[in-house]
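S.K.: This is what each chain is made of:
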Amino acid sequence: MKNDNFIGTDENDDGIDRAGFLKCMAWAGTGLFCLMSGGVLKTYGMSQLVDKATGGIKKGIDISKSDFSFAQISDSHIGFNKPANPDVVGTLEAAIAKINAMPTTPSFILHTGDLSHLAQADEFDTLEQTLKSAKTGKIFYVPGEHDVLNDNGKQYLQRFGKDTKGNGWYSYDFNGVHFIGLVNVVNTSEGGLGVLGNEQLQWLENDVKGLSASTPIVVFAHIPLWAVYPQWGWGTRDSEQALSYLRRFGSVSVLNGHIHQTLQKVEGNITFHTATSTAFPQPQPGAAASAGPMKVPAEQLRSLLGLTSVTYVEHDHTLAVTDLPLSKSNDEQPAHQ
Amino acid sequence: MLLKKKYAVILGLASSVAIGVAALPSTNNDYKNLKVLPKNISSKDLTRIMIDDFEDGLGVSCTFCHVEGKDSLGLDYANDAKPEKEIARRMMKMTMGINEKYFGLKHPLLGDSVLAINCITCHNGQPRPGDVETK
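Protein chains in written order, with this note's numbering: chain A, 1 to 337; chain Y, 338 to 472.
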């Protein structure tokens, strides 16, 4: 498959081509700590960062004190029971265990959709019960297309979307950062592309209108807001309209799920990041006949599942994004810099 | 004493029945236009067919067969405007027919794990089986 967005060379033999990353996009997912500041990327392995003795950041590492951190989990697919992962509750619990083991308790968790596999009440029940063990202040949700099956999301809204607008979109401020949860799964278009719709787009335009350009923005939604692989519906038809309202801001981070793998792209001041699933992996774009649950050898499964940790660095108005696979402990990540 | 035991047995049986009924998948749905799938199919069974058989089997999403609702706040699942939906019905009948006629399954139902063939057998993740490249 030819795609100019993909990195073709690996100059440093470290799994990441920095020039390629800055140009467009990089594969992550190997437990990296990525600090983006002024368009310059620094990546660290977790073992380089964390002092095992103290659990804190090692001395001499130049990272500004962060205001807060939060975790992103995605695509839990509670109710899924196929061979790709017959124990999705177990792997969600493993993701929660990683969150609970973090040196700093995340202020909140973002769940970027597909909480359930079939939008059933018992699946939502299990998810809620399981997430109760996560040590965090609050959990914010947006729905995935699996959460709105059958009833166009009525049950999801009743349970997870109280006090939201329309199909479940909303925004909130936290320590000077403006968070925006968008819904692009209720009206998917031909080919499965996500759709935000005019009503939500109008709301978004108004929502950010009064904000100063220096306000850091974090947008989270289920289906990627950039064209990852439209042939498989991995993109959002009207995302460009949404992004046009955000381009004036100095720092915009877009966090998505849906594709069950980590991809990152930098476009001006907007950084896009997709998270792994806690349930099952999917093939890389174009690497299979179609998207869908991918069965891998059991010993490999947890290396392809995980969560994302994000740390906000107030001084630089930057977000440091760390992808943590379930297969490794937080202090045993491969080193990259 | 014997009377108490009888009451206990009756109470136990009644409880078992009550628990069994409660455990059955809910059939309280408002599906308006099911023509091949059972009208009393549970939400879970129907959704599992849509996801496991159609979405994963054909590599498509809901909008392959369903049209957007008038209020633009969801899909109009009952609407038959898209020809793909009618084709899906015929395909379900064909698949069940093959399972019954050639594999001897009595009353096969889509979604059953005992089926000899299902959607993915031929579709292999493609909307049309002919789209699959053969080597």
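Do not take every clue at face value.
[What the hints assert, rightly or not] Derived BS3-like pairs: lysine-lysine, alpha-carbon spacing no greater than 25 Å straight-line:
1. Y:369 x Y:430
2. Y:381 x A:82
3. A:154 x Y:407
4. Y:430 x Y:443
5. Y:369 x Y:407
6. Y:407 x A:162
7. Y:407 x Y:372
8. Y:407 x Y:430
9. Y:407 x Y:443
10. Y:381 x A:154
11. Y:430 x Y:419
12. Y:430 x Y:376
13. Y:430 x Y:372
14. Y:372 x Y:438
15. Y:419 x Y:407
16. A:165 x Y:422
17. Y:369 x A:154
18. Y:438 x Y:369
19. A:154 x A:165
20. A:165 x A:209
21. A:162 x A:209
22. A:265 x A:82
23. Y:443 x A:154
24. Y:438 x Y:407
25. Y:422 x A:154
26. A:154 x A:135
27. Y:430 x A:295
Quick caveat, the hints were computed from the structure, so don't treat them as lab data.
S.K.: If a hint holds in the structure, say so; if it doesn't, say that too.
M.R.: Consistency of the hints with the structure:
Distance check on the hinted pair: residue 369 of chain Y and residue 430 of chain Y sit about 19 Å apart at the alpha-carbon level, within 25 Å; holds. Proximity of residue 381 of chain Y to residue 82 of chain A is assessed by CA-CA distance (about 15 Å); at most 25 Å being required, the pair is judged to hold. Taken as a hint, the residue 154 of chain A and residue 407 of chain Y pair is honoured in the structure, with Cα atoms around 17 Å apart against an allowance of 25 Å. Restraint check for residue 430 of chain Y and residue 443 of chain Y: the C-alpha separation of about 14 Å stays at or below 25 Å, so the hint holds.
A threshold of 25 Å between alpha carbons decides the hint, and for residue 369 of chain Y with residue 407 of chain Y the separation of about 17 Å falls inside it, so the pair holds. As the CA atoms of residue 407 of chain Y and residue 162 of chain A are separated by approximately 24 Å, the hinted pair is consistent with the 25 Å bound. Between the alpha carbons of residue 407 of chain Y and residue 372 of chain Y the distance comes to roughly 23 Å, so the proposed pair stays at or under 25 Å and holds. A C-alpha spacing of about 30 Å is found between residue 407 of chain Y and residue 430 of chain Y, which places the hinted pair above 25 Å, so the restraint is violated.
Proposed proximity of residue 407 of chain Y and residue 443 of chain Y is contradicted: the alpha carbons are some 41 Å apart, above 25 Å. Between the alpha carbons of residue 381 of chain Y and residue 154 of chain A the distance comes to roughly 15 Å, so the proposed pair stays at or under 25 Å and holds. Distance check on the hinted pair: residue 430 of chain Y and residue 419 of chain Y sit about 18 Å apart at the alpha-carbon level, within 25 Å; holds. As the CA atoms of residue 430 of chain Y and residue 376 of chain Y are separated by approximately 15 Å, the hinted pair is consistent with the 25 Å bound.
At most 25 Å may separate the alpha-carbon atoms for a hinted pair to count; residue 430 of chain Y and residue 372 of chain Y meet this at roughly 10 Å. Simply put, residue 372 of chain Y and residue 438 of chain Y have alpha-carbon atoms about 21 Å apart, close enough for the 25 Å limit, and the pair holds. Distance check on the hinted pair: residue 419 of chain Y and residue 407 of chain Y sit about 15 Å apart at the alpha-carbon level, within 25 Å; holds. Of the supplied pair hints, the one linking residue 165 of chain A and residue 422 of chain Y is violated, its CA atoms being roughly 32 Å apart against a limit of 25 Å.
The suggested pairing of residue 369 of chain Y with residue 154 of chain A holds, with an alpha-carbon distance near 18 Å, which does not exceed 25 Å. About 30 Å separates the Cα atoms of residue 438 of chain Y and residue 369 of chain Y, which puts this hinted pair outside 25 Å; it is violated. A threshold of 25 Å between alpha carbons decides the hint, and for residue 154 of chain A with residue 165 of chain A the separation of about 13 Å falls inside it, so the pair holds. Pair hint residue 165 of chain A plus residue 209 of chain A holds up; C-alpha atoms about 17 Å apart against a cutoff of 25 Å.
At most 25 Å may separate the alpha-carbon atoms for a hinted pair to count; residue 162 of chain A and residue 209 of chain A meet this at roughly 24 Å. Distance hint between residue 265 of chain A and residue 82 of chain A is unfulfilled; the C-alpha atoms sit about 31 Å from each other, more than 25 Å. Note on residue 443 of chain Y and residue 154 of chain A: the hinted pairing is violated, with a Cα-Cα distance of about 37 Å set against a maximum of 25 Å. Straight-line distance between C-alpha atoms of residue 438 of chain Y and residue 407 of chain Y comes to about 42 Å, which puts the hinted pair past the 25 Å bound.
Using a Cα cut-off of 25 Å, the hinted pair residue 422 of chain Y and residue 154 of chain A holds, with the two alpha carbons roughly 24 Å apart. Annotation: proposed proximity of residue 154 of chain A to residue 135 of chain A is violated, straight-line Cα distance about 28 Å (limit 25 Å). Annotation: proposed proximity of residue 430 of chain Y to residue 295 of chain A is violated, straight-line Cα distance about 29 Å (limit 25 Å).
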